[in-house]
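Position chain B relative to chain A; hints supplied.
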Amino acid sequence: MEKNDLLRLKNIVGKKNVKTDPADLYVYGSDSSVHSARSWAVVRPENTGQVQEIMAFANKEKIPVVTRGAGSGMCGQTVPVRGGITLDMKRMNKILEINPSDVFCRVQPGVVDDDLNHALKPFGVFYPPTPASSRIATIGGEIGNNASGVRSVKYGATRDSVLGMKVVLPDGSLVTLGARTRVEATGYQLHKLIVGSEGTLGVVVEATLSFVPIPKFRCLGMANFDRLEDAGAAIADIMASGVVPSMLELVDSVAIKAVNKTMDLGLPEVEAVLLYEADAMVKEAVDHEISAMQEVCKNHGGTGLTSSFDPKERARIFLGRKKLFPALSKFSDILSSTSLADDMAVPYSKMAETARTIHEIAERNNIIMTAYGHCGSGCMHTKILMEPTRQDQWESARKAVAEIYDYVRSVKGTTSAEHGIGISKASAFKAEKSDSLDLMRNIKKAFDPNNILNPGKLMDAHEDWVTATDLRYTVA
Amino acid sequence: METRPFETKHLDKWRSNLDSCIRCGYCYEHCPVFKDTRWESNAPRAKMIMVYGLLAGKLEPSTYISDKLSSCFYCGRCNAACSSGVPLTDIITDAKRDFQGTGFETPGTTTGTNTDCALCLACARACPHEARDFINGKIVTDTVKCQSCGICVDICPNQAVATNLSYGTDRSSLNREISTFLEQETAKAIVFGCNWSYYPDLQSSVMDPAEELEYKILINMCGGRLEKPLLLEPLLQNAWGVLVACCPDGDCEHDGNLKAKIHVAGLRELLKEMDIEEDRIQLVQVAHGDKTGFQAAIDTFMENLNKLGPLNHR
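Listed in order, the protein sequences are those of chains A and B.
If you use our numbering, the first sequence corresponds to residues 1 to 476, in order.
If you use our numbering, the second sequence corresponds to residues 1 to 314, in order.
A hint or two may mislead.
[Unchecked claim] Below 30 Å or equal to it, Euclidean Cα-Cα: the simulated DSSO-like pairs (lysine-lysine) are: (1) A:K257 to B:K58; (2) A:K16 to B:K58; (3) A:K154 to B:K291; (4) A:K60 to A:K323; (5) B:K13 to A:K62; (6) B:K35 to A:K323; (7) A:K62 to A:K10; (8) A:K121 to A:K283.
By construction, these hints were calculated from the structure, which means they are not laboratory data.
So that you can see chain A by itself, here it is in the shape it has in the complex (with noise of 0.2 Å):
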């Protein structure tokens, strides 16, 4: 980036809101994915105006923009693939607005999560997406992967919580997408087509959100599974039975015994665990729920039922499934947790072989794999644990990977549920997605026609992510 660039960028947004330092573009070059690549600035706006001013600039010198929340995401979206401007929104963060009477609120990007509910709290409400690390992710960020979670069972993903947002596009312009309404018939939903769309067409600097009364009546219940296919087939008939559960996880037989290596919780050692819960104002619609969600399980031969209302044992309960992301991590000292095929979505009636195939193809390809995940929503989460310092491992991770993803499209599943594409997930996207390609293409030249905004994801994403960009790792 030329001197006079950073010049007009610093005039923008102020000297200290630049950043070119090496050991500052190496740090906003990864996220918590395995990819890493540097940008040429990390830049942070304060206002609307300033991402205006930043964008125009930036469209008008063709120079790239990515624009970052907290960088927690597992695909590499935030990772600047060709160079140009990081924009980290993290100084924009105010909550404008919360409007009880009208059930929205409005938030700038760069508000956590976490944050907003701390918000909500007092109005008897929460906003409901919130991924695992919602302690840390940003609106922005979630808005930009369509951000889920354990309860989406029930009250959906990102999208279906966001009502409208300001938009700025990569000329400069600001638009106003959806609106406050519940519902909206109003031509194109363009707000919901930014959902997801990770930075790809433009920058989101203001957000309205829905939300929901906290229930006041909340259980939550186990079941233990000494085979694989009868949790499966309790899952199918949970949901085929009318239940709505507000969480239905499953946790497969390598997953309990990393947390009881890890943590020494004791977990029965059984080939799958389902976690189910039910939420409600009233306490008799959640005891239906939940009792007809235990006989589900009974009647597939679940064992060790257990369920409870009280907040501490809903906790102890739930700690192995909590336990499990910092079990992963500490399994071994020379094994790394890997997010690489790490969130497809499965119709419910395949859960089980999903799992299972998953098993069979790591033990193929010699690495290790677990499958759990929020299952009531079709979600199975994996983690690949391997060495990854040697290139074999890589290699045996692009070969499982690439099994996985040809096992989920045979089964009518998607690539993503809830983390998105970037790039490590790219090409299993394009051959998913591979007779609407074209047509994203041209959704994204008509918002960017000069491909600044977080190009080189999605369907323009190298082929083979072990080799789009850097690995964070070193490889022997």
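Then chain B, alone, in the frame of chain A:
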């Protein structure tokens, strides 16, 4: 500054730990250095990424990196929050060792001594990390050993010791924050939250308009290190009350909580003598990680304060 080729003598052993860091960023929300600046480069994760870059030869050592790695208050909350069990503060200390060995010594959040020093050596005797020594007629801080706890700052009778980079935790920054907040119409109270305890409320976001907030939590290095004038300052600027948080009995390695108790008790006595409700200043002891308990204590304090109403200076 004379530098030598960078040797990763102490850092080498951490290579596999750094590979196991999944870069989830869960250390962010706990780090006072990150919260003050909200630059990712100041977050604990960034420190690990920089060390990784140095070990992998992807970053050249520099004063800039040395300064980043020396900016840590060793509260250890990142260690506790780490998904992968990476001992972040141990790695930071070894990074400081290797930078020092190469000639890149930078002060960061460590403490320095100015010319007002009377050479009483109270700071050297009080330092729990043996980081301060009397060398060649002056007090010198070992920046590797110094863990930025600030005890020396607190104990110096001449106020000759200061943290080089305070990230909003020094007296003047706190005073500035008090004044700015209390200018707002709905501002009622200041809550002093100890860096070593967890604290609730909005962490990285702000309400807009901010004047809707009734209280503001200001982070300091230790409840025991808030002198009486600083604790009184909000009341002098028309605040309705002050809440001071510190660690529970037995949890503080330098009796900071005991000092906080003494300070608050003294001020309550003073208010009583002035015929002002003593409950306008209160102390709460918060266990590490007890966000809910702290929030409940704040809510109760604010409820009482709203009953008392505004402070009419008499």
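So which of the earlier hints does this model not fit? Structure breaks hints 1, 4, 5.
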